[in-house]
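Letter by letter, the chains look like this.
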Amino acid sequence: MSQVGGAKRPARVGRRGFLAGAAALTSGAFIVGCAAPDRESQVQSLPLSPEQALPGQDLWFATRSASSAGGIGVVVRTVDGRAKKVEGNAAFPVNVGKLDARGQAAVQTLYHPDRLTAPLRRTGLRGSGKYEPIGWDVALRLLVGKLSGAAGRFALITSPLGGTLAEVAAAFVQGLNGATFVYEPFERTAYRQAFRQVLGSEITPYLDLANARSVLSFGADLLGTFGSPVHYGVGYGQMRHGAGRTRGAWIQVEPRMSLTGANADRWVPVRPGQEGALALSIAQVMVAEGLTGSRAWYDELAAVGGLAAINAYAPDKVTERVGVAVETIQTIAREFAANQPGIAIAGGPSLAHTNGLDVGAAVLMLNRIAGSVGKSGGIRPNPRTLAGLPAPSAPTPFAEFAEFVATLRSAERPEVLLVYDADPAYGLPATLQFARAAANVPYIVGVSTFMNDTTGLADLLLPATHPFEEWGDYAPDPAPGRTVVGYQQPVVTPWTQSRSFGDLLLEVAPQVGVTLPQATMLQAVRTTAEARFGRPNEPFERIWIDLLRKGGAWDFPAPASEFRPRADWHIGLLAEPQFEGDPIEYPLHLIPFESVGLGFAGEAEAPWLQATPDPLTTVTWQTWVELNPQTAAGLKIKSGDVVEVATPTGTLRAAAYLSPVTPPHVVGIPVGQGHRHGGRWNANRGANVMSVLTPLADAGTGAFAWAATRARVRRTGDFRRLPTLEYLENSRNDVADAPVQVTRE
Amino acid sequence: MSNAHEAAARATVMLAEAQVPTDEVTPQEGHRWGMVVDADLCTGCQACVVACQAENNVALSDEQRVLERRAKTWIRIERYWEGEFPDAKPRFLPVLCQHCDNAPCETVCPVFATYHNQDGLNVQVYNRCIGTRFCANGCPYSVRYFNFWQPEWPAPLDMQLNPDVTVRPKGIIEKCTFCVQRINKAKHEAKRAGKVDGRGRAILADGDVQPACAQSCPTSALTFGDLNDPASAAAKLAQSSAPRAYALLGHLGTGPGVVYLKKIDPHAPEAPRHG
Chain A
1 MSQVGGAKRP ARVGRRGFLA GAAALTSGAF IVGCAAPDRE SQVQSLPLSP EQALPGQDLW
61 FATRSASSAG GIGVVVRTVD GRAKKVEGNA AFPVNVGKLD ARGQAAVQTL YHPDRLTAPL
121 RRTGLRGSGK YEPIGWDVAL RLLVGKLSGA AGRFALITSP LGGTLAEVAA AFVQGLNGAT
181 FVYEPFERTA YRQAFRQVLG SEITPYLDLA NARSVLSFGA DLLGTFGSPV HYGVGYGQMR
241 HGAGRTRGAW IQVEPRMSLT GANADRWVPV RPGQEGALAL SIAQVMVAEG LTGSRAWYDE
301 LAAVGGLAAI NAYAPDKVTE RVGVAVETIQ TIAREFAANQ PGIAIAGGPS LAHTNGLDVG
361 AAVLMLNRIA GSVGKSGGIR PNPRTLAGLP APSAPTPFAE FAEFVATLRS AERPEVLLVY
421 DADPAYGLPA TLQFARAAAN VPYIVGVSTF MNDTTGLADL LLPATHPFEE WGDYAPDPAP
481 GRTVVGYQQP VVTPWTQSRS FGDLLLEVAP QVGVTLPQAT MLQAVRTTAE ARFGRPNEPF
541 ERIWIDLLRK GGAWDFPAPA SEFRPRADWH IGLLAEPQFE GDPIEYPLHL IPFESVGLGF
601 AGEAEAPWLQ ATPDPLTTVT WQTWVELNPQ TAAGLKIKSG DVVEVATPTG TLRAAAYLSP
661 VTPPHVVGIP VGQGHRHGGR WNANRGANVM SVLTPLADAG TGAFAWAATR ARVRRTGDFR
721 RLPTLEYLEN SRNDVADAPV QVTRE
Chain B
1 MSNAHEAAAR ATVMLAEAQV PTDEVTPQEG HRWGMVVDAD LCTGCQACVV ACQAENNVAL
61 SDEQRVLERR AKTWIRIERY WEGEFPDAKP RFLPVLCQHC DNAPCETVCP VFATYHNQDG
121 LNVQVYNRCI GTRFCANGCP YSVRYFNFWQ PEWPAPLDMQ LNPDVTVRPK GIIEKCTFCV
181 QRINKAKHEA KRAGKVDGRG RAILADGDVQ PACAQSCPTS ALTFGDLNDP ASAAAKLAQS
241 SAPRAYALLG HLGTGPGVVY LKKIDPHAPE APRHG
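Residue numbers (the numbering used here), protein chains in the order written: chain A, 1 to 745; chain B, 1 to 275.
The hints are simulated quantities; they were obtained by calculation from the structure and are not laboratory data. For clarity, every value in this text was computed on a predicted model and none was experimentally measured.
Label pairs and their in silico Cβ distance ranges:
{"#": "1", "chain 1": "A", "residue 1": "Arg-334", "chain 2": "B", "residue 2": "Ala-242", "range": "29 to 37 angstroms"}
{"#": "2", "chain 1": "A", "residue 1": "Gln-630", "chain 2": "B", "residue 2": "Asn-184", "range": "53 to 61 angstroms"}
{"#": "3", "chain 1": "A", "residue 1": "Gln-630", "chain 2": "B", "residue 2": "Ala-231", "range": "48 to 56 angstroms"}
{"#": "4", "chain 1": "B", "residue 1": "Ala-268", "chain 2": "A", "residue 2": "Arg-321", "range": "23 to 31 angstroms"}
Quick look at which bits of chain A chain B covers, simulated, 3 or more residues with Cβ under 8 angstroms:
{"#": "5", "segment": "256 to 264"}
{"#": "6", "segment": "610 to 617"}
To give an idea of the chain B side of the interface with chain A (calculated C-beta under 7 angstroms), a few residues:
{"#": "7", "residue": "Gln-46"}
{"#": "8", "residue": "Ser-61"}
{"#": "9", "residue": "Ala-88"}
Ideal Cβ placement from N, Cα and C applies to all residues, glycine included.
Using the sequences and the hints given, assemble the complete structure.
Next up, the structure:
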């Protein structure tokens with residue numbers, strides 16, 4: 001490849017290697033990355049003469065999905081060196097050829113017209129968005145200069161990284177004696193800790209949906225946005241109508257109907273924060289009626305104070321508190337117990353409370369009482385990941401992150417703050433005042449594919465490659481009950497002057513006195529792969545090409561993993577959830593949620609995902625406020641009325657949507673909109689619900705209790721037609737039915 | 001929902017009760033491409049919607065287009081509510097061109113821009129279309145989309161466009177093709193590999209062709225195949241699930257090539273009434 005900005009690009013597999021791989025191709029096979037000689041790229045522009053171009057023939061590359069959660073294998077169709085279509089990798093065990101909407105839309109973020117195309121240096125005030133383009137040589141001099149004087153005073157904020165990139169980043173930060181903060185907006189800390197506490201599992205377990213006869217989910221939107229939705233979707237399909245199977249039953253308990261709740265056989269609305277009490281009540285019924293499947297159930301009960309303690313959660317004693325009828329609690333217990341093996345799991349808003357860990361542990365206990373732990377159709381241990389190729393790092397708990405934000409205001413603040421693929425300025429509650437705190441940091445460097453609310457504060461902005469333009473490896477989280485490692489390779493030549501974050505760190509490291517064993521991500525990834533998959537007396541090149549062609553390796557031997565239930569775990573009596581704000585002044589519970597299209601940042605850039613209707617409301621392109629029709633009627637609110645949602649810590653405005661599945665005491669608002677900085681399709685669009693949340697944390701883990709905010713809603717008098725797929729009922733029809741323009745200038 | 005959608009919903013209920021036999025699909029020689037949509041597996045996740053747009057160069061639909069009801073999605077997930085809180089239930093129904101045997105859109109086109117091809121596909125010839133929109137008015141499923149505006153892909157977004165699929169200009173109708181470009185490609189490859197019958201026609205094995213929507217669907221709610229081939233997965237599924245099978249608006253006699261399987265609701269107070 002040609003050099004950009006005077007710095008060398010990462011080495012690629014050469015043309016000869018490509019031809020060797022191509023020779024083995026049959027129709028539809030996947031091939032590996034390669035590079036044309038430099039001279040060929042220099043005589044024509046990159047977009048017109050990309051590498052690997054075989055005119056008139058499409059080429060397929062196996063790599064990692066750029067946007068799907070959990071680690072999904074894809075194949076990308078390229079024609080004349082341009083990515084055309086992303087499809088699931090049929091051989092990849094996690095998703096077996098399937099792919100979600102976000103994964104499909106990755107070509108739009110790859111070729112987005114508002115991507116950062118060159119290094120930028122701030123020229124205006126911080127946050128003003130005023131930058132000037134500079135060359136990479138200048139950018140690297142600036143970066144090296146700042147980092148060289150920041151040993152011990154350096155901090156890195158990233159999204160959860162995994163694989164070799166996580167190792168490289170950790171070594172880089174350690175070499176500078178800095179600190180790393182992993183930011184995940186809807187952090188799954190309580191989810192992970194509950195597994196550790198109840199099952200002794202350090203690895204996210206495998207939910208064997210395909211063989212389950214029942215699933216009892218407390219708030220985990222497994223089919224929509226939680227964990228690895230494509231993976232769970234495949235399991236759901238098999239559970240419902242797999243060959244030779246009886247259709248499994250699905251019960252969903254949650255404060256606001258998720259996409260998974262919409263597909264459940266039985267959907268049970270529960271008062272926010274009371275999911276743990278409901279779980280223990282279900283356990284009480286199972287014990288009292290002799291429905292337990294485990295002889296050790298009494299031991300399990302010891303963890304919550306024994307039989308006497310659990311009897312305090314008898315349905316008639318908690319029905320009012322949890323908002324679920326006695327008969328319904330009994331029915332759930334009987335259905336779950338009668339349809340074993342089954343899975344009881346908690347996630348999403350059910351764990352996002354001040355008692356989140358207790359809720360998670362109480363729900364997981366149901367599996368042990370039912371006797372399904374470790375069995376086919378139950379929660380099963382996943383194999384360990386490869387050495388040197390860790391699963392995505394756990395997020396920094398919210399409480400710790402909040403302390404870090406406070407540190408930014410103190411004399412202990414870092415001299416240099418490096419932010420990669422994370423947007424805490426958008427996702428943290430406004431009361432933490434991240435942007436104002438960050439203003440005290442002398443130098444902020446953002447590495448990103450797009451401008452966002454955090455990189456918009458940066459002094460130096462470095463364009464990052466798209467995942468389809470870089471090398472990497474990953475351990476899917478969760479794994480599908482088998483050993484799997486995935487490989488990520490460039491499928492197109494970058495059309496911007498971007499560099500991968502890993503390559504950037506590896507290039508800068510020796511210049512700032514940090515010694516790292518490899519010089520490029522390709523070398524680092526390949527070295528890890530060779531250590532595991534290399535065979536004596538066999539050239540690794542052939543093995544490497546095969547790994548890339550398949551998109552990874554699976555079913556290889558790995559250290560055994562098993563649950564080690566801890567004897568000392570004890571949740572005692574469940575703590576009552578704490579909420580901020582007076583319940584009379586703020587009578588509603590605010591439940592933020594992810595829609596299947598928009599995530600927190602990158603996905604909102606893609607117009608396909610902006611235009612993807614939310615499955616339940618069919619709203620596109622905008623923020624909406626879900627209200628129960630009766631609640632809305634009491635407030636004289638109709639669909640499309642612009643309402644003000646006030647919490648103890650902030651307000652936002654958006655149009656109301658009257659949803660028949662929203663509980664009367666709940667107001668639901670999707671995340672993903674309300675960005676100050678971004679591309680043409682997501683900046684200054686809608687409202688940011690994360691900004692008005694109260695900064696409460698789970699007492700057990702310090703995780704963000706993002707579902708623990710109270711709110712009130714009032715009509716503002718304004719109206720905004722919601723861009724929906726459906727025609728809205730209960731709307732102000734005089735406006736909603738206004739004639740539309742048929743022609744345009 | 002729109003009047004048409006409400007009508008579709010009502011008719012869906014009628015058909016669910018009527019249990020229209022699936023053998024109404026006209027047997028014919030060669031392929032009869034069709035799809036089985038299992039409403040009990042569709043989660044409404046929209047993967048098929050975006051997959052279709054990515055494969056078929058469907059124009060971007062910005063907020064204004066959605067507000068104008070001019071948004072284009074060759075396949076859409078319709079959502080219907082049943083019941084009241086707390087027993088309200090959403091129902092999802094993927095709706096795409098039904099590739100009808102007796103397609104109302106075909107008979108009204110004055111320039112034969114839309115016709116039935118030898119594989120049972122309802123085909124749209126873009127170069128013939130003069131934009132009368134008679135076909136869109138005639139389609140009871142509202143799955144034909146008119147290009148009111150010239151589609152735009154701000155550079156370099158156009159790099160993603162699929163070279164196998166025509167970009168449709170302003171003034172013509174477009175719709176789901178069952179990814180005919182993939183069918184043609186598979187036929188071409190079969191012929192190159194010598195897989196032809198006695199009349200020189202390509203022989204395709206079941207599964208050789210998958211439209212983008214069916215390929216992406218995580219739960220495998222969409223099964224595509226040759227309904228004329230009793231051994232195809234689609235034909236077998238339609239047959240084995242016959243008690244749940246119905247045709248969307250089947251009472252109109254359009255002879256859809258899409259077979260719907262009803263949603264199963266084990267807790268319904270009466271027999272399931274909705275797909």
